[in-house]
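Using the sequences provided together with the hints, build the complete structure.
Listed here are the chains, written in short residue letters.
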Amino acid sequence: MTIYNVYIFDREGQCLYYDEWFRTKQSGLAPIQEYKLVFGMMLSMKSFVDRLATNDSNQTVNYYKTSAYKMTFLESATGIKIMLNTDPNATGIRDLLHKIYQAWTETSNSAAKMELFASNPPNENFLKSRVRDIVMKHQAYV
Amino acid sequence: MANHIQHLFIINRAGSLIYSWEARIETPEVEKTYEWPIDVHLEEVDQKAVVVFGEKEGVKLRYYVKSVNGEAVTGTRLQQGAQQVNVLEFLQEEDNYPVTVRFAAPTVSTNEKIILSSMFHSLFTIAVQLSPCPKSSGVEVLETTQFKLFCLQSRTGVKFVVITSAASNIAADSLLSKMYELYTDFALKNPFYSIDMPIRAQKFDEAIKILLEKAEKSNGAVTF
Numbered sequence: 001m002t003i004y005n006v007y008i009f010d011r012e013g014q015c016l017y018y019d020e021w022f023r024t025k026q027s028g029l030a031p032i033q034e035y036k037l038v039f040g041m042m043l044s045m046k047s048f049v050d051r052l053a054t055n056d057s058n059q060t061v062n063y064y065k066t067s068a069y070k071m072t073f074l075e076s077a078t079g080i081k082i083m084l085n086t087d088p089n090a091t092g093i094r095d096l097l098h099k100i101y102q103a104w105t106e107t108s109n110s111a112a113k114m115e116l117f118a119s120n121p122p123n124e125n126f127l128k129s130r131v132r133d134i135v136m137k138h139q140a141y142v
Numbered sequence: 001m002a003n004h005i006q007h008l009f010i011i012n013r014a015g016s017l018i019y020s021w022e023a024r025i026e027t028p029e030v031e032k033t034y035e036w037p038i039d040v041h042l043e044e045v046d047q048k049a050v051v052v053f054g055e056k057e058g059v060k061l062r063y064y065v066k067s068v069n070g071e072a073v074t075g076t077r078l079q080q081g082a083q084q085v086n087v088l089e090f091l092q093e094e095d096n097y098p099v100t101v102r103f104a105a106p107t108v109s110t111n112e113k114i115i116l117s118s119m120f121h122s123l124f125t126i127a128v129q130l131s132p133c134p135k136s137s138g139v140e141v142l143e144t145t146q147f148k149l150f151c152l153q154s155r156t157g158v159k160f161v162v163i164t165s166a167a168s169n170i171a172a173d174s175l176l177s178k179m180y181e182l183y184t185d186f187a188l189k190n191p192f193y194s195i196d197m198p199i200r201a202q203k204f205d206e207a208i209k210i211l212l213e214k215a216e217k218s219n220g221a222v223t224f
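Chains as they are written, first to last, in UniProt numbering: chain H, 1 to 142; chain W, 1 to 224.
You can take every hint at face value.
In silico EDC-like links for lysine to aspartate or glutamate, alpha-carbon gap of 20 Å or less:
| # | chain 1 | residue 1 | chain 2 | residue 2 |
| --- | --- | --- | --- | --- |
| 1 | W | K203 | W | D185 |
| 2 | W | K60 | H | D50 |
| 3 | W | K32 | W | E71 |
| 4 | H | K70 | W | E143 |
| 5 | H | K65 | W | E143 |
| 6 | H | K46 | W | E143 |
| 7 | W | K113 | W | E26 |
Worth flagging that the hints you see were computed from the coordinates, not collected in a lab. Predicted model only: the values in this text are computed from it and were never measured.
Right, dumping it as structure tokens:
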């Protein structure tokens with residue numbers, strides 16, 4: 001099992017964070033273009049499932065899977081979107097996404113920031129190191 | 001036994017819908033009499049007057065106006081005597097009250113199915129491009145909190161799509177390949193069928209119907 005890469009977007013579609021681990025194929029696009037494509041696909045997928053399901057309750061996309069990878073989605077109430085690519089058979093990815101989201105809020109939310117950074121001031125790689133730490137500890141990470 | 005298979009689509013290599021099947025589900029309807037001013041907020045969405053805000057007493061979000069005072073509404077147009085009026089404008093006029101409005105739960109129209117097919121076709125292609133590892137296929141499974149979608153693409157680029165409820169544990173693999181087999185037998189071998197065109201064959205409809213019944217009974221395990 002493998003974890004390939006992660007994207008975090010804000011609600012306007014700006015890519016806030018990207019990291020990759022065992023990615024073996026690049027999309028052949030400039031990073032900015034690729035982020036746009038990922039975000040655009042996610043939006044179309046949302047609109048697709050909304051039209052298809054005639055149930056009245058709200059729904060969210062959990063994941064999609066191809067023969068080679070699985071993309072799991074998490075959207076917060078504030079519109080932060082996290083997408084993680086893994087091996088199609090990886091398990092426990094939803095929990096991992098929640099952990100990444102938690103790390104994200106703790107480093108970007110000011111109140112939590114004050115507490116965390118009281119003793120050691122932040123640097124720009126702080127979030128990166130935290131996310132990497134969380135991902136590498138996960139069982140699906142080889 | 002509840003039926004889990006909700007939709008079935010066959011999409012040709014250009015992304016257009018050539019066959020669709022839908023489980024017959026009774027769509028809930030609600031009728032209410034309103035005094036001025038109406039307390040649900042309606043907007044025109046996909047040429048229908050749809051509830052976008054203020055759901056209450058059985059009238060839920062995404063429900064659309066089906067009839068007003070017993071008069072059927074086509075799209076957003078309502079027949080009033082000899083002339084047609086926009087139903088949204090009609091409901092803004094105080095003189096028209098009290099009115100009895102019948103709301104119906106949303107359905108997927110044939111037009112929307114065609115749109116959805118081409119949407120899925122492009123999502124499928126983008127998924128291949130965004131793959132982080134080589135030799136990836138397109139979307140094979142898509143899961144949401146309400147349904148599961150399974151897709152099989154044949155060597156020739158025809159896509160077979162099955163949509164089941166989220167609660168089902170139907171394994172769609174054999175069902176999809178059996179659908180592919182029926183497609184080759186009843187559509188492709190039909191001398192009157194031209195490729196990439198909508199499939200209209202009674203034999204095919206019947207075979208699909210039997211297949212789906214079998215699949216429902218055996219949780220998707222269809223033997224060859």
